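Let's have the full structure, built from the sequences with the hints guiding it.
Chains as they are written, first to last, in my numbering: chain A, 677 to 932; chain B, 677 to 932; chain C, 677 to 932; chain D, 677 to 932; chain E, 677 to 932; chain F, 677 to 932; chain G, 677 to 932; chain H, 677 to 932.
I should point out that these hints are in silico values taken from the structure, not numbers from a laboratory.
Just so you know, these numbers come straight off a predicted model, no measurement behind them.
In this text, a Cβ means the ideal position worked out from N, Cα and C, and glycines have one as well.
If a hint is listed, it holds; no wrong ones were tucked in.
Computed spacing ranges between beta-carbons, pair by pair: (1) H:846 / G:770: 31 to 41 Å; (2) G:737 / A:826: 19 to 29 Å; (3) G:770 / A:773: 35 to 45 Å.
Number of protein chains: 8
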Amino acid sequence: MNSHELEQLLAAFKRGELDTLEAAQRIKNIHYEDIGYAKVDHSRATRQGFPEVVLGAGKTREQVVGIVESLASRAPNVLVTRTDEGTFGEVRNVVTEAEWHESARLIRIFRDRTDLGVGTIAVVTAGTSDIPVAEESALTAETMGNQVERIWDVGVAGIHRVLAERALIQRARVVIVAAGMEGALPSVVGGLVSVPVVAVPTSVGYGASFGGIAALLGMLNSCASNVAVVNIDNGFGAGFVASLINRKWPVLESGA
Amino acid sequence: MNSHELEQLLAAFKRGELDTLEAAQRIKNIHYEDIGYAKVDHSRATRQGFPEVVLGAGKTREQVVGIVESLASRAPNVLVTRTDEGTFGEVRNVVTEAEWHESARLIRIFRDRTDLGVGTIAVVTAGTSDIPVAEESALTAETMGNQVERIWDVGVAGIHRVLAERALIQRARVVIVAAGMEGALPSVVGGLVSVPVVAVPTSVGYGASFGGIAALLGMLNSCASNVAVVNIDNGFGAGFVASLINRKWPVLESGA
Amino acid sequence: MNSHELEQLLAAFKRGELDTLEAAQRIKNIHYEDIGYAKVDHSRATRQGFPEVVLGAGKTREQVVGIVESLASRAPNVLVTRTDEGTFGEVRNVVTEAEWHESARLIRIFRDRTDLGVGTIAVVTAGTSDIPVAEESALTAETMGNQVERIWDVGVAGIHRVLAERALIQRARVVIVAAGMEGALPSVVGGLVSVPVVAVPTSVGYGASFGGIAALLGMLNSCASNVAVVNIDNGFGAGFVASLINRKWPVLESGA
Amino acid sequence: MNSHELEQLLAAFKRGELDTLEAAQRIKNIHYEDIGYAKVDHSRATRQGFPEVVLGAGKTREQVVGIVESLASRAPNVLVTRTDEGTFGEVRNVVTEAEWHESARLIRIFRDRTDLGVGTIAVVTAGTSDIPVAEESALTAETMGNQVERIWDVGVAGIHRVLAERALIQRARVVIVAAGMEGALPSVVGGLVSVPVVAVPTSVGYGASFGGIAALLGMLNSCASNVAVVNIDNGFGAGFVASLINRKWPVLESGA
Amino acid sequence: MNSHELEQLLAAFKRGELDTLEAAQRIKNIHYEDIGYAKVDHSRATRQGFPEVVLGAGKTREQVVGIVESLASRAPNVLVTRTDEGTFGEVRNVVTEAEWHESARLIRIFRDRTDLGVGTIAVVTAGTSDIPVAEESALTAETMGNQVERIWDVGVAGIHRVLAERALIQRARVVIVAAGMEGALPSVVGGLVSVPVVAVPTSVGYGASFGGIAALLGMLNSCASNVAVVNIDNGFGAGFVASLINRKWPVLESGA
Amino acid sequence: MNSHELEQLLAAFKRGELDTLEAAQRIKNIHYEDIGYAKVDHSRATRQGFPEVVLGAGKTREQVVGIVESLASRAPNVLVTRTDEGTFGEVRNVVTEAEWHESARLIRIFRDRTDLGVGTIAVVTAGTSDIPVAEESALTAETMGNQVERIWDVGVAGIHRVLAERALIQRARVVIVAAGMEGALPSVVGGLVSVPVVAVPTSVGYGASFGGIAALLGMLNSCASNVAVVNIDNGFGAGFVASLINRKWPVLESGA
Amino acid sequence: MNSHELEQLLAAFKRGELDTLEAAQRIKNIHYEDIGYAKVDHSRATRQGFPEVVLGAGKTREQVVGIVESLASRAPNVLVTRTDEGTFGEVRNVVTEAEWHESARLIRIFRDRTDLGVGTIAVVTAGTSDIPVAEESALTAETMGNQVERIWDVGVAGIHRVLAERALIQRARVVIVAAGMEGALPSVVGGLVSVPVVAVPTSVGYGASFGGIAALLGMLNSCASNVAVVNIDNGFGAGFVASLINRKWPVLESGA
Amino acid sequence: MNSHELEQLLAAFKRGELDTLEAAQRIKNIHYEDIGYAKVDHSRATRQGFPEVVLGAGKTREQVVGIVESLASRAPNVLVTRTDEGTFGEVRNVVTEAEWHESARLIRIFRDRTDLGVGTIAVVTAGTSDIPVAEESALTAETMGNQVERIWDVGVAGIHRVLAERALIQRARVVIVAAGMEGALPSVVGGLVSVPVVAVPTSVGYGASFGGIAALLGMLNSCASNVAVVNIDNGFGAGFVASLINRKWPVLESGA
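Structural data, given as structure tokens:
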């Protein structure tokens, strides 16, 4: 719902065309749809620039399908993260455009492919094992209207590899870096570019990597000042933030 | 140094006007100045969009003064963070424009006040005790060429306070939120806006706040997808990242 | 056993109708029944206002059945938490009124439905995935004689959702809030009400949520002063404490 | 402000006696007073049953005095926690009824001594060193209109001590237990009573007590089901929650 | 090997009946037998009062059988902990007296049942789920020549249960207490007796019990001074230490 | 108080010479003396074999003096740990036999020097910096009636040093080992002796020693089965447990 | 590629035989081969003295086979760690010399067996369960051109076992020690030798070993000054570092 | 003492010139000198290649002076780390050659300056604040007979700085890298060289650097295989290990 709708509703209330109870109920309904186990947030596109994204983990298949159906009826693009192929099958039964992305374990409905960004988003990984998380970032960013450049396996122990890709990285408006183990790559990339770096620690590693804590701490303590961090393995979040950074400003009402 | 200088130097090398050793030395010197205990990084403005910032903690007064002197001879604006008033006195002896900011414990040389941003940056705190960290963010952002809006003490236990400032917050191109204790404010603010939120956990709190860990974890696990996080009490980093997000794109050579 | 019984027994001992050993044995037996692997605590209803609740985890099916049988012979209502449907089958063989609650993984015998509360208990979740823990709270509270209001999926990133339910929440005598990830909802709810909030961190989340630690720390550091916390995923404990808060005072002997 | 005031204001707005901007401003002002470094929350008494309490730590003396002055002009009772005697001196200059409590490091203005509770609150400590935290609880509870029973030094290694006080403890409507080291006392007390126990871990101990973490974990894992926990050394929070538990229900408008 | 053997060997070396190399080899062989993947320590009975005990976890079945065979050829009693029934089957093929103890997951060869203790050892658990760990303690102590008294399910939330068993506990020369969750029972028991208490934290619990850390910390911080602690779930270690405490003193050569 | 006194009192109660209230009060008084801020536990000598020991940390000087005065009126030997020389001065004013031990920061009243042990207690340190903690153990053990053997600075990096003292260590009935850093010495000593080893981790070390956590974990995971552990820097606790291990058995009434 | 190749390429570029783009591409190609999901680092032998080693964990079988094929075409010796027998089968299909090592879960191609070391490398374990990690070290060291001495099961609780092997250990140029539980063996071995000790903590243990953290901390805090540490279970890393320590110096070009 | 002395002593014992007790005493005395609070380890030079180094922290000035005096009477070079200038004054009173090094807080007696290394040792820091730790490494290495190359302030956020020093670093036989914050420099340096890298995490940083834990974890998880790690701020240990790596092999008796 856009601002216009709400203003009309309030004006009607002032004119006495709606009593208080009815006005309250309508405002409430506009914002979200209550489907029992979830309150599907239809106003999120207005507030945050993209419809609510469904975190598949911890929900039953029926719940995922129900929420997707509700979202897809109002928004052109929908994402379900941390899900599985079985759930995808059921989602496709109700929304035929749905795609399955194996590496990122992600369902996507991608009907509106307008480019909303001022530049490109580079997505970089330290190693091969970081690709699934990075793919989640890349797919999120694409679905939110961005051009994405993928650069895989340029970790710091072979510093010539990232230096060889420097030109490509330096062209981006924002860079996402996914790395596990010691999580050092964002610091090096951060030092090479003059744009924000969104760092995603991954749980790649063993022993004292503690499921991504080592990488997370490394990134939080980055000596490069242009690095901000999201949760371990949160490729989606990195893609989301990067998309908002890259978005044309000011955002026009019609685009929401 | 801008790209033009480097190209000329390389061309001269190719023409044989410089031997390899001399070319290497010059390139090295252009990039940084070696003053013994530090390699002052003069190319950082080119690479990162702002000169190297001096972290005062862990350096002697003599070291801080020496580095500031080196930086101030080339860059109009300089910041020293986590320092003290005594150091400020000595810095002012060599750079008279230096200012002291008590709350943020920060020295600033602020000679170029060009506005480089596409919009404003809102800096928000959960409580009164978070102000010193937030001031560090605000001063950093201003020094890097941004308009800043300060909004203090709107923590979530009195949710009407942040809702009352909603309009102000929603006008910003990027929002910085500083919060200690449970660190919940970035999630609420994140849900209200369609721009990136840079969250700064502060060490405000006691007991199980563990010097900011509770707030840090809260922010990393934010259910709002547009939140990215910097280190505990890293007001400077938040201001730096937010400045790069707000910067006009593409960056013009002359602005660097 | 009520106080009257004990007084009679002690009087008999004083009159010499019981020797010391026999008196000691009887007092001991009144309090609990020793069934080998467990000492079933029949005096708990007197001391704590509800019979001992069986934690299913870590016990064999035989042990659970044996304990339930012992409890159900003396108390009208019995709960078994953290159990499974197979165990339920065996419990129903010996107590036919037993019910199975899938979402909460809980067996309930609910024969006495007297309302013992002064008001209602609101049970609120931040997300859909927190429902199983919240259901454990709600079922516990109902079984202990309370009216319960369920409010699902009103997490802080869509603050309008919890505000829309404000009136419902504010009518309760005590509020239970279950939330994972950053665990911010209890602070917001705490700020809206003038009654105690019992916060239950859930293990919902990933990465730096560390199985509920992030939510737990967030709740312990809540800036709302009316929040008290129970263990991660301890829906039962929250329901139990809330029931005692809501209980009519003073408690009459016959009610125990 | 009570509900009546707000209804009148809204009615006036509907009748057109106030334009939108003015109505918004007034509603905003009623709720809190903006004094620059803080937004003093005057509506908290309405929402939470007690005026905002001032956490002294992390605020300058000037800030504390300013906030107290603002609060004391509207509310009869005011608390400042985690403060010092010097601040007390300055507070007394502006509010002469202010009292200093050395053990709890707390300033109190206690002008309204109405009893608001249905029963008494027992405050129990495991050791002598836990008394300062427990005193903070006791003073908070008294200031919020409760009768308090203090029971010091009955830790579990001399179990006869707590058993000797059993009758006193069992008369209370709610029990606060402060304990450091292994934090076992709430479990024992919890097993003796049929009312809620609010457990406060203290930082008393050394080595592997880790500043109260051992006690905190002990209390969160209590095998007594009626225990809820607040932050380490948060005597104030425990007193606040216990006061709300003990409060007469329903709360009458005039009492707020 | 006893001290006498070694003295004879050294005397022979001095008399020149053995050259240096041969003497060294013999001394080495007396102490342990090298079977490739393990150096079976036959001198442990001399040094520690009981033959080496085999930790089954992390060894292949073949390795366990090989080590047991080597030990059983020299020592009457042998224990294998943390093993499984399949391994037991193979062990019984080579040592027919071997017994399987399901609850403790332990293989025992128990051919010498001499009583070596000065008193009894009481083994106490807080709950039913702690029994497997406590059984490991009890079986270890019995196998090492002690009389054991088992007392199950007397946790602190029903303090009357442990008080009812007080006399039994107070008769013991040493008490082992196994408890999970908050691990408070050793403090209570420690306060009741004048002998050492060996506390075993168990991994029983969930959420913030962190696999036994809460119980471990509780026990390390016990306010009872007579409590010493072993590793989480280390029932064997507790039984071993308790056996040495209970052992008659001085130990006679022939008993080793 | 000995058992005889209590039996007389109960007999008098049965004969009707005391009413219930009076009997209860007397029993209560026999057990402990309530001096306001503390309940001095006079029955501890009966229950635990040594009077209550005063932990100086966290108590005011007045409190320490008051408790010592109460204890010293009934018990010949008294200890105050973690205290300072100023407090000692005030204690000596009321009990002239009091001694000050600088290294261990301990006050001792040592009037009864009866030997209560079956053997000696060896106290061993890994380094010079561990001596203060070990002295606390040694003084505690001596005050509780034991012969103590001190062996300083035999850490494992110079294994010949501990081997050189092997004979001395092997003569003891129980060994206390204090070590910081990696805490490896108890494992080596444990392997050399056939008696219990009480391990005390010390906070000696830096960096990843984390104030004694490294040593604590090392000792809890000792591959020697005869090692039990007390809290970090808890020299007193180690001395207390070791004393109970060394005590003659059975304990005679008159000795308590 | 050796240094000579690069010099020729640069000379050609200077002579104008290559344009900038082509030179850049060739330099890039020499260094690594981009196979999509990985950038195989062919210059690592030059830079680090051994070709890139493949960490099998987190890669698909197809990825492992592809990388091995690429590496084996240029380097005589190749290692794949943390892999499984199924992957081995597919690797052997493309490189028939591949060997499978069950205990270490490692694939090896070992075509060049030149001895590159100045002395031997001793690999020592504390227990039988540490052998798999130690085998990974030993195989790595052998594959990198070293003579290896294996010494298993000489943990510190039977100190005579390691002392018996002292001569063998003291002959080595560098010692690798793998130990779990308390991780004390490196300190003891470190004290016996005058060469570097590379310590590998293993995840062997339970409870408070926390998957190797206890051993890791023990090793980092070693009181022997000649101990350096690698990640938990990182047998490969230990073997790699030890190989470089043992390598003849200076390294000749042809050897790389 | 060298091996020759010991052989003579043993021969004398065999010839009967010494009785057993006397032989044992002499062997013991040769190894270390017992000065009460310490056993000064004179055999360490034989066993470890350098005399015992004195850790000043945790020792009294008298203890430090006593130990230094004992060591300096037998060894030409002595180090005291983590000490202060006052202690230095007293040490110089007894050993006039003693030097004070302010930055590293280290006392050195440096009388034998023989070069014992096969190559140079490069000591590298990420920042200016890491210099004190790196100086401790450099001074240790020099005192142990090595040529040292110092390279300061080449952290990864300005990757051109370390690349500019590449040639210098690549000439070394072993590289020490000291870094705080995210600790990424060892990975980058490790990828540039074919020799061992000894990584020293420093406590430089704030917030989530947790006193060096972030850097420590980063280094333990380094994706460069040639990195081994020492304790946080353990510059001495890094210098010691690096010296042993660089030492000529085989070591000649006379050099010890």
